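K.L.:
If you use this note's numbering, the sequence shown corresponds to residues 5 to 147, in order.
For the record, the hints were derived by calculation from the structure and aren't laboratory data.
Quick caveat: nothing in here was measured; it's all calculated off a predicted structure.
Don't be surprised by glycine CBs; every beta carbon is placed ideally from N, CA and C.
Treat the hints with care, since some could be wrong.
Beta-carbon label-pair distances, calculated as ranges [said to hold, decoys possible]:
| # | residue 1 | residue 2 | range |
| --- | --- | --- | --- |
| 1 | D132 | S60 | 27 to 35 Å |
| 2 | T34 | R107 | 21 to 29 Å |
| 3 | D114 | E26 | 31 to 39 Å |
| 4 | T103 | E26 | 37 to 45 Å |
| 5 | E26 | A115 | 18 to 26 Å |
| 6 | T12 | L40 | 14 to 22 Å |
| 7 | S71 | F30 | 19 to 27 Å |
| 8 | R118 | E73 | 15 to 23 Å |
| 9 | A29 | R82 | 19 to 27 Å |
| 10 | V136 | N96 | 17 to 25 Å |
| 11 | P85 | A46 | 19 to 27 Å |
| 12 | S44 | R107 | 31 to 39 Å |
Straight line, CA to CA, 20 Å or less: simulated DMTMM-like cross-link-like pairs of lysine to aspartate or glutamate [what the hints assert, rightly or not]:
| # | residue 1 | residue 2 |
| --- | --- | --- |
| 13 | K131 | E95 |
| 14 | K78 | E32 |
| 15 | K78 | E122 |
| 16 | K131 | D114 |
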Amino acid sequence: MTATDLFTAIDHVGIAVRDLDEAIAFYERTYGMQLLHEESNAEQGVREAMMGVGDSGSCIQLLAPLSEESTIAKFLERSGPGIQQLAYRVENLDAVCATLRERGMRLLYDAPRRGTSESRVNFVHPKDAGGVLVELVEPAATH
Numbered sequence: 005m006t007a008t009d010l011f012t013a014i015d016h017v018g019i020a021v022r023d024l025d026e027a028i029a030f031y032e033r034t035y036g037m038q039l040l041h042e043e044s045n046a047e048q049g050v051r052e053a054m055m056g057v058g059d060s061g062s063c064i065q066l067l068a069p070l071s072e073e074s075t076i077a078k079f080l081e082r083s084g085p086g087i088q089q090l091a092y093r094v095e096n097l098d099a100v101c102a103t104l105r106e107r108g109m110r111l112l113y114d115a116p117r118r119g120t121s122e123s124r125v126n127f128v129h130p131k132d133a134g135g136v137l138v139e140l141v142e143p144a145a146t147h
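Throw the hints in and build the complete structure from the sequences for me.
P.N.:
Okay, structure coming up:
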C-alpha cells in the first residue's frame, strides 16, 4: 500500500462538547448545518451527532460524554471544549492499520471497533501523529 492509497477523504472533524443538544442547536442556528445522524456509543462512552457541511459530504462530529470516566469527559476536563480528533475515511481498515503499524505507528486498538453508523474505526496514537488524535473510519457500506 502506497502513501496515496491510505485515505480516500477527510471523513469528519470531531469536536468535544459538554451539552450535545445545545451544540446541535448552535451549529444548526449559527452555521446552517444539518443534523444527519445522532446516536450513543456506550463502548466509547459518548453521545454523538454528525452535522453535515452543505452538500460536501464532509461532517462535523459533536461528541458529548456519557460518563465522567469517558475519554471525552477526560478531554473536556483537560482541554475544555474544542477539536478532539481528525478522521480520515479508508476503504480497507485492516490493510491501512497493518501498513501504519509497519511504518512504526501505534494504534489505540489491537482490532477495529464499532464506530458511528456501524462503521469500523481505529485511532493512531497522538504521540505518533504530531499531537493529533487521528481516527481511521471504514464506512459500514464498505465492509
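K.L.:
Each hint should be assessed against the structure and marked as holding or not.
P.N.:
Cross-check of the supplied hints:
no. : hint                      : verdict
1   : D132 with S60: 27 to 35 Å : holds, 29 Å
2   : T34 with R107: 21 to 29 Å : violated, 40 Å
3   : D114 with E26: 31 to 39 Å : holds, 36 Å
4   : T103 with E26: 37 to 45 Å : holds, 40 Å
5   : E26 with A115: 18 to 26 Å : violated, 35 Å
6   : T12 with L40: 14 to 22 Å  : holds, 19 Å
7   : S71 with F30: 19 to 27 Å  : holds, 23 Å
8   : R118 with E73: 15 to 23 Å : holds, 19 Å
9   : A29 with R82: 19 to 27 Å  : holds, 26 Å
10  : V136 with N96: 17 to 25 Å : holds, 22 Å
11  : P85 with A46: 19 to 27 Å  : holds, 22 Å
12  : S44 with R107: 31 to 39 Å : holds, 34 Å
13  : K131 with E95             : violated, 25 Å
14  : K78 with E32              : violated, 26 Å
15  : K78 with E122             : violated, 25 Å
16  : K131 with D114            : holds, 17 Å
The structure is inconsistent with the numbered hints 2, 5, 13, 14 and 15, although it conforms to all the rest.
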